[in-house]
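Two chains, each in its own frame: build the complex with the hints.
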Amino acid sequence: MDDDTSSYLRRRRFLATGAAAVSGALAGCNGLPGGSGGGGSGETGAVTLSSFRGSGPLVESRSSVSGTRIADLPDLSGSLTVYLGGGEGGLYRELLTLFSQIYPDFTVRPREGGTAQLANTIIEEGENSPADVFWAVDAGSLGAVAEADMAATLSSSVVESVPQEFHPTDQWIGTAGRARSVPYNTDEFDADDIPETVMDFPGTAALDGVMGWAPTYGALQAFVTAMRLIEGEAATREWLQAMLDAGVTEYPDEFLVSNAVADGEVGAGFANHYYALRVRSARSDAPLDLAFTSGDAGALINVAGAAVIRGTDRQELAENFVHHLLTVEAQEFFATRTFAYPMISGVPPVGGLPSIDELNPPSIDLQELSNVEPTLQLMRDVGVL
Amino acid sequence: MGRDQSGATGVIDGLRERIESTRQYDSHPLVTAAAVLVAVTVISPLLWLGLRAAAVGPTEAVSILTASSTMQVFTNSLALVASVTAVSVVLGVPLAVLTVLTDLPFRRVWTVALALPLVVPSYLGAFAFVSAFGPHGTLAELLSPVGVTIPTIYGFEGATLVLGLFVYPYVFLTTRASLLSFDARQLEAAQTLNHDFRSAFRRIVLPQIAPGVTAGTLLVAFYALSDFGTPAIMHFDTFTRVIYVQYNNFGRGTASLLSIQLLAVTALVLFLESRFGSGADSGDGYGGGVTGADSPITPLGWAKVPALLFCGAVVALTLVVPVAIFGMWLLRSGPGYAAGGFGFEWTFAINSVYIAAIAAAATVLAALPIAYVSARSDSRVGRLLERSTYVGYAVPGIVLALALVFLGANYLPWLYQTLPLLVFAYVVRFLPQAVGATRSSVLQVDSELLGAARTLGETPKGAFRRVTLPLIAPGLVAGAALVFLTTMKELPATLILHPTGFTTLVTYIWRVQEAGYYGRAALPALVLVAVSALSMILLLRQEGDNA
Numbered sequence: 000m001d002d003d004t005s006s007y008l009r010r011r012r013f014l015a016t017g018a019a020a021v022s023g024a025l026a027g028c029n030g031l032p033g034g035s036g037g038g039g040s041g042e043t044g045a046v047t048l049s050s051f052r053g054s055g056p057l058v059e060s061r062s063s064v065s066g067t068r069i070a071d072l073p074d075l076s077g078s079l080t081v082y083l084g085g086g087e088g089g090l091y092r093e094l095l096t097l098f099s100q101i102y103p104d105f106t107v108r109p110r111e112g113g114t115a116q117l118a119n120t121i122i123e124e125g126e127n128s129p130a131d132v133f134w135a136v137d138a139g140s141l142g143a144v145a146e147a148d149m150a151a152t153l154s155s156s157v158v159e160s161v162p163q164e165f166h167p168t169d170q171w172i173g174t175a176g177r178a179r180s181v182p183y184n185t186d187e188f189d190a191d192d193i194p195e196t197v198m199d200f201p202g203t204a205a206l207d208g209v210m211g212w213a214p215t216y217g218a219l220q221a222f223v224t225a226m227r228l229i230e231g232e233a234a235t236r237e238w239l240q241a242m243l244d245a246g247v248t249e250y251p252d253e254f255l256v257s258n259a260v261a262d263g264e265v266g267a268g269f270a271n272h273y274y275a276l277r278v279r280s281a282r283s284d285a286p287l288d289l290a291f292t293s294g295d296a297g298a299l300i301n302v303a304g305a306a307v308i309r310g311t312d313r314q315e316l317a318e319n320f321v322h323h324l325l326t327v328e329a330q331e332f333f334a335t336r337t338f339a340y341p342m343i344s345g346v347p348p349v350g351g352l353p354s355i356d357e358l359n360p361p362s363i364d365l366q367e368l369s370n371v372e373p374t375l376q377l378m379r380d381v382g383v384l
Numbered sequence: 000m001g002r003d004q005s006g007a008t009g010v011i012d013g014l015r016e017r018i019e020s021t022r023q024y025d026s027h028p029l030v031t032a033a034a035v036l037v038a039v040t041v042i043s044p045l046l047w048l049g050l051r052a053a054a055v056g057p058t059e060a061v062s063i064l065t066a067s068s069t070m071q072v073f074t075n076s077l078a079l080v081a082s083v084t085a086v087s088v089v090l091g092v093p094l095a096v097l098t099v100l101t102d103l104p105f106r107r108v109w110t111v112a113l114a115l116p117l118v119v120p121s122y123l124g125a126f127a128f129v130s131a132f133g134p135h136g137t138l139a140e141l142l143s144p145v146g147v148t149i150p151t152i153y154g155f156e157g158a159t160l161v162l163g164l165f166v167y168p169y170v171f172l173t174t175r176a177s178l179l180s181f182d183a184r185q186l187e188a189a190q191t192l193n194h195d196f197r198s199a200f201r202r203i204v205l206p207q208i209a210p211g212v213t214a215g216t217l218l219v220a221f222y223a224l225s226d227f228g229t230p231a232i233m234h235f236d237t238f239t240r241v242i243y244v245q246y247n248n249f250g251r252g253t254a255s256l257l258s259i260q261l262l263a264v265t266a267l268v269l270f271l272e273s274r275f276g277s278g279a280d281s282g283d284g285y286g287g288g289v290t291g292a293d294s295p296i297t298p299l300g301w302a303k304v305p306a307l308l309f310c311g312a313v314v315a316l317t318l319v320v321p322v323a324i325f326g327m328w329l330l331r332s333g334p335g336y337a338a339g340g341f342g343f344e345w346t347f348a349i350n351s352v353y354i355a356a357i358a359a360a361a362t363v364l365a366a367l368p369i370a371y372v373s374a375r376s377d378s379r380v381g382r383l384l385e386r387s388t389y390v391g392y393a394v395p396g397i398v399l400a401l402a403l404v405f406l407g408a409n410y411l412p413w414l415y416q417t418l419p420l421l422v423f424a425y426v427v428r429f430l431p432q433a434v435g436a437t438r439s440s441v442l443q444v445d446s447e448l449l450g451a452a453r454t455l456g457e458t459p460k461g462a463f464r465r466v467t468l469p470l471i472a473p474g475l476v477a478g479a480a481l482v483f484l485t486t487m488k489e490l491p492a493t494l495i496l497h498p499t500g501f502t503t504l505v506t507y508i509w510r511v512q513e514a515g516y517y518g519r520a521a522l523p524a525l526v527l528v529a530v531s532a533l534s535m536i537l538l539l540r541q542e543g544d545n546a
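Respectively, the protein sequence lines represent chains A and B.
Under numbering that gives the first Met the number 0, the residue at position 295 of the first sequence is numbered 294, and the numbers go up by one with no gaps.
Under numbering that gives the first Met the number 0, the residue at position 90 of the second sequence is numbered 89, and the numbers go up by one with no gaps.
With the rest of the complex left out, here is chain B (with noise of 0.2 angstroms):
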């Protein structure tokens, strides 16, 4: 492409020794202080779990956390995290190198498809398995007059397949957007030296995606972490779920410990990856600068219909079969008695579109100082930073929603199921995965063009608006999607902590689902992916104008 091969080493040999130096521009200690502020009010509410767990006494606290039970339930939530990660890498890293770096046909359509299994709630999504492929499924009757019988979904195969499936859009919308963030034209120039595809990958394209990469990783495996509802439709016992049986039986000072326990194995799997991790930071401070408009699409040639097949046996897994089962469900007249009380309204998925975009909005604000303090500086204070944010999202929904009870009901009255509230508990929750998308974009920003850009005589301001907001951008939207999603089908927060009288989709799923009018889920359900995949393809067409 007119460039001959000592450019391209040069621009190479430029990017080794930029990753060897140091970075220039730390962050403004406004900006640190901002994020500081931000990791302790998040983190804050949890301590409540310290007060209830103290209502248990020492050797009693002993017994439960070393009972052969509790040890069972940890390597069980371990083992789970493990799998449904890698599920995840394997599912996601491939579908968003397809529809960033290569001519797949219909990419844009594939991505909105690719990525909305995220917004099926695991509670839904993880029944709708069941009816299908279960012992009494519609798959099974099918299939038992001519003598096939489908292995059990139950247990821990299940349990990873469901959540897998239903959680790889972490790693895929990650990735994309550090794919996005990428200046292609290094690629394009490894190309030129003779490196093929698959070697100029491994070399240029993973070091720089990786970030992306762990922070998807990490979003999937704290999601497994506190995932409740597939699990307990996958009869596996996790943390989480004993931890809901606990509350069921109003245990709650057990409940409080396992959290804390829970916590533990949070803050180890937070420790074992920034030690054997995939080398988070090994990317920092190159890259970026010219991206994803004119990025060369390497063709995928014979690769092209398998590579169809793939994305399209995902889709069907995901969206398909449940969208399928909801339909069934919608067409299944319900059975007895006038079921009364309320019709669908309208209203429901306004009331979920509203509060998840101000969620979505709320979060990313408060993700910003902590993803720029954290990419900006070398500091263990910026790590710690980081980290601290997936406290709140690795813990189950329940716990967050209840400490929340206890803190709104008794000294923030004014604030007790109001709306502000509510966000609260979702930037809390769902605070890494806008953290996560957001620091591997600013991780990518060039700090020479920042350079550059003081050197024409940009205050520290304006640098960061003209120069390191765009560039970050798409992290900033990936982020955004990820808690709109997210917040579209949070179930527990939402219940407790709603005001009163403010009905959601999920809320109103919930409602009919749990006298067991499974068919009156359906519309909802169905509204609540359609609704979903609209507002993702307003946030990808954005993605792509800023990119």
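This is chain A alone, in the form it adopts within the complex (with noise of 0.2 angstroms):
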């Protein structure tokens, strides 16, 4: 099969899918647990999507999907190095495991490591690294590998159903994305009561008092990073002593900001969108749903992400493995394991969540995420941390 012919009809065959499950999404935006009841179909040669999909109750309605299966793509067949920058736990690796499955002529050596230490790694091994792929859970070190001249270009057939956000320089691609969102509590509040713009929080007198986040947790120093670099130090600052003034509750994680609020312990907070679909999943009857705020720092992705290590002499299957990071069936594993943000259209986000084209995340390059030292000093200063 020729290459660019065949892209070209996934391409195609995408756009006219693609547009029928956002409709789909949208239809379930409104409450948690959305969804019409579709049910994916899925039988792709030896492996069906089911075996990729999570279970739950968030994911027992899963409206239908659509992209790239695996088995439009060449087979994997070799054995390739992956170094893996987080990991999520075991799941990536669970991910490998289904892959290896699938094509028993396929073995992979995942190198598991914290990601900036394996970006590290990668730059100082240079061009005799042993790693054909780096797949990380942060783009900041993915970037980094990039900025080293460390990381080859990937083909357009392979990025192009992500949107362009997610691969400013084709040298690494999104492969699941988090948000940040506002947790609130339905009984509490209902979606209008939540501001728009999350420089307005500390100002809105229903939120006074009843607000908690996690100020020792990265992600949200990520988030206040993404606002220090989006409003100005000064904006930060007072952002930050205005949310102490309107006395925030603080928690340990943003697992348990989001427990607080399903718990009505306080009314919102601020969390990675994940946290409260975990609460969700684990508590089905949880008075608990996310909104979102528009264009600032409030609305920040980030992104786990792969690379193709330049050098490698397994270039080919390295971008095929990547590739495959981008299937529905891996986009499908991302959305209903990890609760993540999947990165193409094709594949709506559980709990009747906006879809990835839908959310308005500020433009901000990723990459600068990483510099958090002028962030906590910050937070110091405020008395915050």
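It should be emphasised that the hints constitute simulated quantities derived from the structure, not laboratory data.
Do not rely on the hints blindly, as some may be mistaken.
[To be verified] Anything over 10 angstroms on all C-beta distances counts as not near chain B; from chain A, calculated:
(1) Glu59
(2) Glu124
(3) Asp186
(4) Phe188
(5) Glu230
(6) Ser283
(7) Ala290
(8) Asp380
[Stated by the list, open to error] Covered, in the sense of this in silico footprint (three residues per stretch, anywhere, with C-beta under 8 angstroms from a C-beta of chain B), are these stretches of chain A:
(9) 111–119
(10) 126–134
(11) 364–372
From the three backbone atoms N, C-alpha and C, an ideal C-beta is built for every residue, glycine too.
In structure tokens, the structure reads:
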């Protein structure tokens, strides 16, 4: 099969079905466990879509999904060394195992470490790096590897299905996203009560004294970093101070923030979107929903992503592997097992959340989020940390 | 005890003379050559720092090094080193004396329990402390309804407390080794001369165990300098934390510059210690010969209860608190989605023990020539060799690991990501632990015994094997134990340099913790402590047999 033609055909097909999926997702946008209960079809050779899909109340009613399927791609065959930065506590390894089950001739050697640590390792290894692919939960590390000229440019057939901001230079591509969100208690608030601008939160009387956050948590610090980059240091300092003055309650992590919102301990909070989904997955009757701000730090989307390491002698296999991470099956895996934001619009997020295209993230270089030190300094000055 | 006063005085006079006398049995040139080779090999990877730092322009370098934040970090680091060292001596020396020289009940149990905090990784220990005593901690929540607020655990005091509690075993173990090599009849002799225990301890015991105590305090000082986990969790800015931050922002040049500055601090501490220190060498060349087994035991009398309370309090804080917190994590079911990927496998524990045992053996072997040369010769070379081993120990693990990544991947590809290179990293990181413990034992070997052996026709090799080796065995065992325990918990180098697919307890703990599944870290953390406890029992039995 001629690769260019097939990718063209795939794109056409994707655009057609993608639109349908978006409207489906929109329909289910109001309540958390939305979706129209379509139930995914999908037998791809020896392996079914359901083996990639997670379980639980949020996953029971999946709307139909579309996009490039594993069966559409050339077989993975050979052995690949993948540096896994982060890896969601083993879930990424599980996906690798699923790939190996589909392709008996494919072996993958995962090597785990901290994202920044592995990026530094690849940069030190230089052209002798044993890594073929770098798959990391943090865009900053991918950007650093790209900047050190250690990442090969991915072909357009791989990157085309993902929004441009998640493959800014085509040297790496987002594989799954995490959105900043505002979990709120539906017994106390309506969606309309939550401001659309994150800077308005401290001035909103209804939220006074009922907010929760987790300032020691990395994701919140990344959010404050984004605010610092977008609004400037002075405005961020004021915002932090105003949040303190409004009597915000501190929690050790964002799962506990989301859980406290569900318990009514606080009315609303700041957290990555998937923590509320974890709470909902465990307690489907919890009075908990998510709101998103628009175009500002509160709407930040950070991604996990992958890069093919320059100088690998398995370039083709490595790129095909990265392409596999963007198939319907893999995206469904991220969406239903880690509750992450899928990167292709043909696969909606669980819980009836808006699709990736409908969110309005700020335009910000994700790589700059790794510069967290001035943020910590600021948070300490104000007395948040 | 059947010995008259003039006899006891004679022993003491003899000792004094021997302090003055110069050593007659210097080390063999081949041993010196081996020592030099080891020292050069373990330092060479760090030349990489110069390579990376050179990428930073001179003006920028000066502004980084003289920035007020750098100065703040500089004073913070020195203050932390001083305070942690003080805490460790205050805890370690009395505990060693209690477990070796007194009739403390259950001495062996206490010995194992008191050495174990060393194996609790600081990133787990500090985290447990924050969970227990932090602002939203278990204790704070228990006490807040009754109106008690506990002082914040974050900052300098918290970092000192937690580091001190988890690293004092360095002083404890090296002091024990010295006490075991020490000829207890001297103490007995002094006591017959109407010295009470305290003054006999000060005049006889202290000078002899000084090298051991010093070795322990240096290990503590540089551990405090190079540790990342505790200062980070305790929100206290030190060199290591700033170096990590730079690596996380891909500021390799700045990180290298700061590492070099940290090495300068190391050199300064070593220099100050050799100038104004406890006189580590004043106890050279005497003592030894008869040890341990026939030590007289000083009865504690009324002090037994306070001594037990002291030991109990230390064990409660260093072992019971973390184990209770781990246990709580284990019982509290984890939230959210079906966490998958990997279960705990017992091979992780086997891998940990296997690699730690190899590292301990390799490190002791590498340490032996250096310890021997530095203890047996007065030359600056011997001194320099011993001190140079602290370089690899004082740099943060990530610095050494990345240096070996560069060297391994580009110049030794057949070694890269193999066990031998990982073991080499451990040797570089932990060599001074073995050198310090071994050297203080070598110092206590009576040169006259060697002389006697030689007079009786032993070759130098034979004299070493039949006289020196049995006498320094407690030092070797203590050194091996230290290296074993610290290798068991070592994280940064293990994570970066392990052979692909080789999972140990700490890399597993890292994996689950990184994803926020603290509950899943509990079992491997408990296994880590349990396996180390078993290993300690074996090692300390060895100590007893050889003594």
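Here is how each hint holds up against the structure:
no. : hint    : verdict
1   : Glu59   : holds (14 angstroms)
2   : Glu124  : violated (4 angstroms)
3   : Asp186  : holds (21 angstroms)
4   : Phe188  : holds (23 angstroms)
5   : Glu230  : holds (21 angstroms)
6   : Ser283  : holds (13 angstroms)
7   : Ala290  : holds (21 angstroms)
8   : Asp380  : holds (13 angstroms)
9   : 111–119 : holds (count 7)
10  : 126–134 : holds (count 3)
11  : 364–372 : holds (count 4)
Against the hints set out earlier in the document, a violation occurs for number 2 only.
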